[in-house]
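Engineer: Residue strings, one per chain:
2 protein chains.
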Amino acid sequence: MNRETTIESEVIFKGKIITVQLDKVELPNGKTSYRELVKHPGAVAIIPINLENKIVLVEQYRKPLERSIIEIPAGKIEVGEEPEITAIRELEEETNYTTAQLKYITSFYTSPGFANELIHIYYANNVYQLQQPIQGDEDEFVKPVEMTLEEAKIAIKEKRIYDAKTIYAITYLEMKRMRDEC
Amino acid sequence: MNRETTIESEVIFKGKIITVQLDKVELPNGKTSYRELVKHPGAVAIIPINLENKIVLVEQYRKPLERSIIEIPAGKIEVGEEPEITAIRELEEETNYTTAQLKYITSFYTSPGFANELIHIYYANNVYQLQQPIQGDEDEFVKPVEMTLEEAKIAIKEKRIYDAKTIYAITYLEMKRMRDEC
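Quick mapping for you: the protein sequence lines, in order, are chains A and B. Just remember that our numbering sits 191 ahead of the position in the first sequence, which is counted from 1. Just remember that our numbering sits 191 ahead of the position in the second sequence, which is counted from 1.
Treat the hints with caution; some may be incorrect.
Identical copies carry no separate label here, and so any pair may be met within one copy or between two of them.
The list that follows gives simulated cross-link-like pairs (lysine-lysine, DSS-like), each with its CA atoms no further than 27 Å apart [unchecked claim]:
id, residue 1, residue 2
1, K267, K334
2, K207, K348
3, K367, K215
4, K205, K245
5, K294, K207
6, K267, K230
7, K350, K222
8, K348, K222
9, K245, K230
10, K245, K215
11, K222, K344
12, K230, K367
13, K348, K334
14, K348, K205
15, K215, K348
16, K205, K334
17, K245, K367
18, K367, K205
19, K294, K344
20, K215, K294
21, K205, K344
22, K294, K205
23, K207, K367
24, K205, K267
None of these hints come from the bench; they were simulated from the model.
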């Protein structure tokens, strides 16, 4: 596919999490256009299933949405951090559960039209509670929520589960169960 | 869940597609923090299946990724536009296929940590070719690609299909087929 060649690139905003950039590009037809870009370090999410066969999720207020939603545990990759380490760190910090076994599922760009955020999804069966609580990010307030697959499907209908990675995760679990039963 | 109350809000950038905002917020513990927010008008995507039972996708260069990927047809909602209209418009502009029947599947926030982009997913069976080609956005260069479900699953493994909505779509189709066969 034809590239869009960068003619000029201007950093508009450099935040703690995102960098916003405006690129002037040359299009395949020779004309020029502008692309609004959000640079993101990438993220990791984990689908944790506990010993009662419940999905461990977290409820969190999301400022961009001005509401709280229920999501699988996730977080951005720190500089130099391996995604597997991020996955276990976020699981421990957000839910107080941990695991010794991660299974890699897939990775996807969340919104390729304007952002380069890539999220890696892992699955962990039989997660178990830590004895000592872990201290998470000081500006993050999350509440663990445990749900059966049926409850999670209802939460999607009720728009309490409402984001790409978590809806993907529930669909993945549903397909997994169907495969086991079929 | 505890709200994060806005103390100050500064618009950093107002583009054609996104608006970037920096909000100072009061946290549940009384401390303050900053939230970097990307406002987006929302988008619609469509899972089109043609008469040969192939998925109709589009290959497109994505500047934020500096590469092209293969996605289901999608586009942002224009001001005042109904999502169903966006779905058919994008299908026609990007693939030259159309449909009279849309089935609503789900909606999700693509990246709730920093963006409010909500995408609505529709499904269309038996899409058929338009007689007259439709003119799309003048700065958008897309190439239609038709794939069987098996080919699409390989494209995910090969990272040619690599974004949330399309990987969700393929998983949805896989589950649908499993349900039909089970």
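Engineer: Taking the hints in turn, state whether each one holds.
Structural biologist: Hint check results:
Taking the shortest Cα distances, K267 and K334 sit within 27 Å of each other inside one copy (18 Å), while across copies they are farther apart (33 Å). Taking the shortest Cα distances, K207 and K348 never come within 27 Å of each other, neither inside one copy (34 Å) nor across copies (32 Å). In this assembly of identical chains, K367 and K215 lie within 27 Å of each other by CA distance neither inside one copy nor across copies; the values are 45 Å within and 42 Å between. In this assembly of identical chains, K205 and K245 lie within 27 Å of each other by CA distance neither inside one copy nor across copies; the values are 39 Å within and 43 Å between.
Taking identical chains as interchangeable, the C-alpha atoms of K294 and K207 are never at most 27 Å apart, the minima being 30 Å within one chain and 40 Å between chains. Proximity of K267 and K230 under a CA criterion of 27 Å is satisfied in both settings, with 12 Å inside one chain copy and 20 Å between copies. Taking the closest pair of Cα atoms, K350 and K222 never come within 27 Å of each other, the shortest separation being 42 Å inside a single copy and 29 Å across copies. For the identical chains of this complex, K348 and K222 are neighbours neither inside a copy (44 Å) nor across copies (34 Å), given an alpha-carbon limit of 27 Å.
Proximity of K245 to K230 under the C-alpha cut-off of 27 Å is found in neither arrangement, the shortest distances being 35 Å within a copy and 34 Å between copies. In the homo-oligomer, the alpha carbons of K245 and K215 never lie at most 27 Å apart, since the shortest distance is 48 Å inside one protomer and 36 Å across protomers. For a Cα distance limit of 27 Å, the shortest separation of K222 from K344 qualifies neither inside one copy, at 47 Å, nor across copies, at 35 Å. Neither within a single protomer nor between protomers do K230 and K367 lie at most 27 Å apart by alpha-carbon distance, with minima of 33 Å and 35 Å respectively.
In this homomeric assembly, K348 and K334 come within 27 Å of each other (Cα to Cα) only inside a single copy, at 21 Å, whereas the closest approach across copies is 34 Å. Within a single copy, K348 and K205 get their C-alpha atoms no closer than 37 Å, and across copies no closer than 33 Å, so neither meets the 27 Å cut-off. Taking identical chains as interchangeable, the C-alpha atoms of K215 and K348 are never at most 27 Å apart, the minima being 41 Å within one chain and 32 Å between chains. In this assembly of identical chains, K205 and K334 lie within 27 Å of each other by CA distance neither inside one copy nor across copies; the values are 30 Å within and 34 Å between.
In this homomeric assembly, K245 and K367 come within 27 Å of each other (Cα to Cα) both inside a single copy, at 14 Å, and across copies, at 24 Å. Within a single copy, K367 and K205 get their C-alpha atoms no closer than 41 Å, and across copies no closer than 43 Å, so neither meets the 27 Å cut-off. Proximity of K294 and K344 under a CA criterion of 27 Å is satisfied in both settings, with 23 Å inside one chain copy and 19 Å between copies. In this homomeric assembly, K215 and K294 never come within 27 Å of each other (Cα to Cα): the closest approach is 40 Å inside a single copy and 38 Å across copies.
In the homo-oligomer, the alpha carbons of K205 and K344 never lie at most 27 Å apart, since the shortest distance is 38 Å inside one protomer and 37 Å across protomers. Taking the closest pair of Cα atoms, K294 and K205 never come within 27 Å of each other, the shortest separation being 34 Å inside a single copy and 41 Å across copies. Taking identical chains as interchangeable, the C-alpha atoms of K207 and K367 are never at most 27 Å apart, the minima being 37 Å within one chain and 41 Å between chains. Taking the closest pair of Cα atoms, K205 and K267 come within 27 Å of each other both inside a single copy (16 Å) and across two copies (25 Å).
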